[in-house]
Amino acid sequence: MTVSKSRAWFAGAALAIVGLACPVAALAEPMTTPAMTWPLAANPNPTTIDAGPLGNVYVTGAISGVGYTQDAAVGSDVDARADISNAQVFVQTTEGPVQFFAQFGGYSFGTVGVPYTKATDNTKNTFGFMPQAFVKLVPSDNVSIMIGKLPTLIGVETSFTFQNANISRGQLWNQENLVNRGVQVNWASGPLSISAALNDGFYSDKYTWGSALVSYAVNENNVIAFAGGANFDDEVDVATSATPVLQNNSEIYNLIWTHTNGPLTILPYFQYTKVPAMPSLGVTEEATTTGYAVIGKYSFSDTFSLAGRFEHISTDGGTSTNLLYGPQSKATTFTLTPTFQKGTFFVRGELAYIKIDDFAAGSGLGPNGTDKSQTRALIETGILF
0 MTVSKSRAWF AGAALAIVGL ACPVAALAEP MTTPAMTWPL AANPNPTTID AGPLGNVYVT
60 GAISGVGYTQ DAAVGSDVDA RADISNAQVF VQTTEGPVQF FAQFGGYSFG TVGVPYTKAT
120 DNTKNTFGFM PQAFVKLVPS DNVSIMIGKL PTLIGVETSF TFQNANISRG QLWNQENLVN
180 RGVQVNWASG PLSISAALND GFYSDKYTWG SALVSYAVNE NNVIAFAGGA NFDDEVDVAT
240 SATPVLQNNS EIYNLIWTHT NGPLTILPYF QYTKVPAMPS LGVTEEATTT GYAVIGKYSF
300 SDTFSLAGRF EHISTDGGTS TNLLYGPQSK ATTFTLTPTF QKGTFFVRGE LAYIKIDDFA
360 AGSGLGPNGT DKSQTRALIE TGILF
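Those letters in the sequence shown? Residues 0 to 384, per numbering that gives the first Met the number 0, in order.
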């Protein structure tokens, strides 16, 4: 059954009102799902509902709006816009052998160098009004099994604006999957944690992907991680807004290092992807992307911080395998995001710049695909309740 956009948004608002009206219990720590990087922090005192045999059910959410202005708008994008970036509610349990998480609402995915899609259209055309939802089985303290619509194990940046250091996601993120349906097994012991999943890759509804994440805490200041995923079928021909056919048939690998030292956090990572030749899909030559990025944050006080990102990505392939701005193109981006958060309220600005090289004719930036660079200024504000 298809839910109309107006009914879906009304339901999301109703859930938010119910959550805010319920009594609050002081938990001394925020929910860990959905995962958040920095500098934004989840509410440490989430709304708690005593659900009887289900135990405590926690209700949190993100309500935020975004506005931007830019030059060299791509395609049908506009020079300036205001929109909803998040209108989401999260409902979950965190105790007992059977737990659940469900996420409801609308969202947008702003990305450097990519045309912006309004939240209403983005929600409808990607992962729907319930983008993530899963059951979590916890047979022991160090093992869990998750089944449902799951966040990806790949990459550093995650799906929604409030989860990330920057308002806009980067070009490396744009090669990764975001949400997949499947089964994931997690194991942790001391400094080592391992997750492995069987899923549908880029939301293809074809269960032909395997992915894994291995993380090791070297000490209290340094964590290293390796993530990888690949399609193990020959050629999956699904192509939708959420399922780019080339990336869905790819393999992808990340090497990630996270370093913290007082107010400073720095996270360099490397990414490699490969798409094979697929003659039945019209892809006659394989292609690869190689990228590296550094994301960092410095906290000047408990309420104010500055986040930044630098990244570079290049692609090598034939004319039938365009993964970027043409088969031999390159992109370099810089992003700065000053952030203020007081309690559940936050506001942050952003300046994002991208420069592309060796792009194919008509595949660059600007309305005619001929521009080599774009600068975008953004502001986002809202609450994390």
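Just so you know, these hints were derived from the structure itself, not from any lab.
Incorrect hints may have been included.
Claimed, not checked - With a straight-line Cα cutoff of 25 Å, these simulated DSS-like cross-link-like pairs (lysine-lysine) come out: (1) K341 with K354; (2) K205 with K123; (3) K273 with K205; (4) K341 with K273.
Since the structure is predicted, the reported quantities are computational estimates derived from the model, not experimental observations.
*If any of the earlier hints don't hold here, list their numbers in rising order.*
1, 4
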